[in-house]
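Student: If you want the building blocks of each chain, they are given just below.
4 protein chains.
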Amino acid sequence: MDGNSFGKIFRLTTFGESHGKAIGGIIDGCPAGLEFDEAFLQKEMQRRKPGQSEITTQRLESDEVEFLSGVFEGKTLGTPIGFLIRNEDQRSSDYESIKHIYRPGHADAVWDRKFGFRDYRGGGRSSARETASRVVGGAVAKILLRTYGIRIHAYVSKVKHVELKTPFQDIDFSLTEKSLVRCPDPAISEKMIAVIESARNSGDSVGGTIDCVISGVEAGLGDPVFDKLDAMLAHAMLSINATRGFEMFRGFESSGLMGSENNLVNTGIVGGISDGHPIVFRTAFKPVSTISMAQQAMTNTGEEVTLEAKGRHDPCVLPRAVPIVEAMAAMVMADMVLRMRSDRV
Amino acid sequence: MDGNSFGKIFRLTTFGESHGKAIGGIIDGCPAGLEFDEAFLQKEMQRRKPGQSEITTQRLESDEVEFLSGVFEGKTLGTPIGFLIRNEDQRSSDYESIKHIYRPGHADAVWDRKFGFRDYRGGGRSSARETASRVVGGAVAKILLRTYGIRIHAYVSKVKHVELKTPFQDIDFSLTEKSLVRCPDPAISEKMIAVIESARNSGDSVGGTIDCVISGVEAGLGDPVFDKLDAMLAHAMLSINATRGFEMFRGFESSGLMGSENNLVNTGIVGGISDGHPIVFRTAFKPVSTISMAQQAMTNTGEEVTLEAKGRHDPCVLPRAVPIVEAMAAMVMADMVLRMRSDRV
Amino acid sequence: MDGNSFGKIFRLTTFGESHGKAIGGIIDGCPAGLEFDEAFLQKEMQRRKPGQSEITTQRLESDEVEFLSGVFEGKTLGTPIGFLIRNEDQRSSDYESIKHIYRPGHADAVWDRKFGFRDYRGGGRSSARETASRVVGGAVAKILLRTYGIRIHAYVSKVKHVELKTPFQDIDFSLTEKSLVRCPDPAISEKMIAVIESARNSGDSVGGTIDCVISGVEAGLGDPVFDKLDAMLAHAMLSINATRGFEMFRGFESSGLMGSENNLVNTGIVGGISDGHPIVFRTAFKPVSTISMAQQAMTNTGEEVTLEAKGRHDPCVLPRAVPIVEAMAAMVMADMVLRMRSDRV
Amino acid sequence: MDGNSFGKIFRLTTFGESHGKAIGGIIDGCPAGLEFDEAFLQKEMQRRKPGQSEITTQRLESDEVEFLSGVFEGKTLGTPIGFLIRNEDQRSSDYESIKHIYRPGHADAVWDRKFGFRDYRGGGRSSARETASRVVGGAVAKILLRTYGIRIHAYVSKVKHVELKTPFQDIDFSLTEKSLVRCPDPAISEKMIAVIESARNSGDSVGGTIDCVISGVEAGLGDPVFDKLDAMLAHAMLSINATRGFEMFRGFESSGLMGSENNLVNTGIVGGISDGHPIVFRTAFKPVSTISMAQQAMTNTGEEVTLEAKGRHDPCVLPRAVPIVEAMAAMVMADMVLRMRSDRV
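Sequence lines, in order, name chains D, L, U and E.
Its first residue numbered 1, the first sequence is counted upward by one per residue in this note's numbering.
Its first residue numbered 1, the second sequence is counted upward by one per residue in this note's numbering.
Its first residue numbered 1, the third sequence is counted upward by one per residue in this note's numbering.
Its first residue numbered 1, the fourth sequence is counted upward by one per residue in this note's numbering.
Calculated from the structure, these hints are not laboratory results.
Treat the hints with care, as some may be off.
Beta-carbon label-pair distances, calculated as ranges [as the list claims (entries may be wrong)]:
| id | chain 1 | residue 1 | chain 2 | residue 2 | range |
| --- | --- | --- | --- | --- | --- |
| 1 | L | Arg146 | E | Leu264 | 42 to 52 Å |
| 2 | L | Glu261 | D | Glu253 | 42 to 52 Å |
| 3 | L | Gln52 | D | Glu253 | 43 to 53 Å |
| 4 | E | Glu38 | D | Gly302 | 54 to 64 Å |
| 5 | D | Gln52 | E | Gly33 | 37 to 47 Å |
These stretches of chain E come out as covered by chain U in the derived footprint (C-beta under 8 Å, 3 or more residues) [to be verified]:
| id | segment |
| --- | --- |
| 6 | 124–131 |
| 7 | 194–206 |
| 8 | 246–258 |
Just so you know, even glycine gets a beta-carbon here, dropped at the ideal spot from N, CA and C.
Whenever a hint applies, use it, and build me the whole structure from the sequences.
Tutor: Right, here's the structure in full:
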């Protein structure tokens, strides 16, 4: 069934396979009168773009967004914002030779079993290229959130076992974009880059975690019992490719504390509702499945084959996932600030 | 705004404050012709019920469910199933003295800030009593899932630092219900109980983790890109009271593996779609906020007071949360099997 | 699939078969802080109640609503409002003899074909008894609409061929409730009653139309392109039992006008959005299907039988349908005023 | 708030202003494996296209649809189908002179009041150009419905007072497309054309009615109590520009029959559920608001002005509305056949 819409009032619907004509989407429910900061939007796109540094994939995608509707004389009209990103660098031939092969860790086999067939080129709809549309939705959401004073900062907190342990309160978020790996600590950043380069050199890949801090949030956001603010964030994060876990600040660790200790910890959300403090959460990413090393794989007829991936790919998705985490978080918050408008008579 | 419905086809909507007249709900979208196993339903309710053992709260709630519609001659009609659980043991007076006090770790203050006022008795809508309605929805979902051969088994995998390390494949799920703490290993179970009793004796509380294994799942469940199966499970889990984290099998740990290692791990969901293997996930619970020890608290006028909770409460919610985890997982799966019916022409 | 919820923010979900234990529902999304005028609510119920006059069915239903949640200290909490109406006067035996017979004009056969079986007693879920829950939802919606100055007045404008031709601007709505047939013109009212009594005496039934005027509406309500205000009203009206048509003021007649004439007519909605003028629409009701005369009917095995209905029924549903039309219109408007809160930054 | 999506499983979301860069949409929930008959799709577009005959507007719009995703090797993938129609013939300057004028009968003023400002060029989002996206959605729905044997035939049944009175059973639907006015009776068709030409010559416009017959429908479609099949059709029809009324076969007329007469009439839907017979309904269209005659209008500052429309427009929208009525009906039916898949265990 359909599953390509996110949000209840501020609502993004996306389309597109990685090697089809285009990807894109529609943002419905964005209020009228918002200054449409297109420069900011394109800048956000650059943050997710492949080929931005030596530690990311060298695919060249223009990732230029064409806005088709919903904006007039520089402001949102209150009508749906349609947008489009053409797929330009389609090296479909990279995939022709593996069209019958189910790549390990990838969704190839399950798409075949779900739908009977699939667009095998570059993962089709299951490709992370789809997340470019999320960054567009998130950028519009961020512009809306500015009017509420809400700011969202994500950063890489761990690559394999290299971890940034600085408390979030002490982090200078302006350093994040200065780091190739989007870790706001220059020294840790260097170590992370070394781990990533080592993985690439061995034809392998690594995962890690991204932390996200949402500040400037008024109290009252979130709709228990099912649409709690943390539940919506968890849904948003686990919908991103390659994510495997989510925790509110110290979530798993807090399960080892005494109640008397834990009651002193403030995490920005209580009972599913924001309390005015910064909201902090962490998302775990598995190492990316596409690796260059030879791997055993199955074909769609059950044969075992040896696969050596030829496509260009990231040895670590985390640097490019930072803007995606922010985008999804921004859409959750945008939806929630609009939902809150109906809380009281 | 509203947030009291869960699911898209198999859809539960709930109502009720802990000390109002009743709690209950409506299950819409349950297919017609399902044998309505009411004995099983009431048994599921017993598993969540307070006062079931010496390590849970001694509140007495009858938790008896009255079904009002949607069932005829022992089978579901395809019409909405309305149900009701009366609130009987309402010691509202326990709360009268603290009506102006915001209990630490509780949602009292944020509800006031969201809605302007609240039902302060026992947490009102934010009380975990609400989860009884989820167990009803989950029990009906489980009956539906039987027809698909899908089975769901949750168990307590950690209390504070006492952890069950047995791989899920080696666990005998029939032992779970024999343990007061719902841990299927008798020796670990004893240690967990000791930790809980120690917490209660000191007027404190402890948290932990619950693992859940879903087996018998056919491939193809889950609707990318936003309604991935793991995203729906994460949403479901984080909507449960006191949860702080969610991970697919080895989720956070996998972020420290190499891609070549991790590609060999099977977790039942790839790219948001089930692959036919057992689905395993873990949910983290914080220690329950209500404790008997004296704590500093704020009143609604900003005064600091010392609070000593008099209500009866659980020193550890995990044993009673096991059926709730299963119920939410069952509703996700029930929705998804119905959604999958529209995948192909 | 499920189809028992109405509204996007202000959302009613209902349950219940006519001869089951109870009917009822949940109103989710009603803002907090609304004075809950329960006396008004029960009065609205009286208007729909059977047995209220000699021209309606003589069934006795208490139609007393029990509110179970969502209200505290006389005000809405912002949490879901659960409610219940017990089915008391269940003369199920009236229906035992016809359990295998498909009553002409009724939905008996299609429910069997849709779901495989049905609750045959009194129409089960297809009974108009279900509309009592709508009146509850509508009454809460009306209380919310008061705060916006929006008023809703429906009245019977035609019974068979007896028509009230007074322009809506000249009608004294206070007369509606003084008429047994709910037509605000005493002389026309008498003629309508005569037609209804004549139908009853011959064991037959009659239909007609109900007009509805919504005034005090600010401009800007309605969400093109699909959720236009008139589209939502049409949906609402055609969801009521026995309705067969809907038109905005002079809708079918306007199809015979010239554009230059029609552009001068104001109807309260332009392009799907309210313009501040009164909104006027008309709903057509077929004559009620249950009649006392002998009719040819089919059984579920395809036999032809002669059927003489023994249940108590209305020879004309229109007087009791007036509050239902108002209730559905009120829920559309309540949803739309809340939706409008997100129109602008 | 957002209102640009239609359908629950088979779901169309649209975007686009008439003089922006493009209009288009996303169809989510279309099952995988459907043969994508693009020739049929483009043919459906031709039926709605302006400039197709001497009695329609002479605007030239290419109306060529570009499909961007969701289709691979000639079949639907089960992923969202994104599509685009560029706005080419943008004579925006036609509208520059009237940017401050609220055209009589148009939604100009209400859009300003709803959103604070609007794209004044050609009606912006309120333009009927938006319906081109509906025809795309409807064409895909029709292809899906073929696999169920469901056929949809609409035709013009009345222009002003010229009415086609042939019973629907006796109509040869193959004649509809041979008539400029899309009335399947050549003689009546001539009279209708004469009425339209007369209106155009006097700078005026005319309305009328469109009938629609859906055949090949199995019993069981429709989801009471709120998503009755006729309620969904009514919603769909009233969401089309310029519609003012909807009735099921003989709907308003049936309100003047006796129950004993009406029970013999079969209309394809009983109690909101299809019964296997053809479904017949009628939709009323007002005369189009844009006329060439001089009219009194208001500006956005409240001044009265005389307006003489210079844009090219249809003197009667009905011929071009026939495919739109079919498209909306097709989407309702497509959604309902998919919804029905979850009716039974």
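Student: Each hint should be assessed against the structure and marked as holding or not.
Tutor: Do the hints match the structure? See the list:
1. Between Arg146 (chain L) and Leu264 (chain E), the C-beta spacing of about 45 Å keeps the proposed range 42 to 52 Å intact.
2. Distance hint check: the CB atoms of Glu261 (chain L) and Glu253 (chain D) are about 25 Å apart, inconsistent with the given range 42 to 52 Å.
3. Under the hint 43 to 53 Å, the C-beta atoms of Gln52 (chain L) and Glu253 (chain D), about 29 Å apart, miss the expected range.
4. The hinted window of 54 to 64 Å between Glu38 (chain E) and Gly302 (chain D) is violated, with their beta carbons roughly 34 Å apart.
5. For the pair Gln52 (chain D) and Gly33 (chain E), the beta carbons lie near 38 Å from each other, so the given range of 37 to 47 Å is met.
6. By the rule of at least three residues with a Cβ nearer than 8 Å to a Cβ of chain U, the coverage given for the segment 124–131 of chain E holds, with 3 such residues.
7. Counting residues of the segment 194–206 of chain E whose C-beta lies closer than 8 Å to any C-beta of chain U gives 4; at least three are required, and the coverage claim holds.
8. A count of 11 residues in the segment 246–258 of chain E with a Cβ less than 8 Å from any Cβ of chain U is obtained; the coverage claim is therefore met, three being the minimum.
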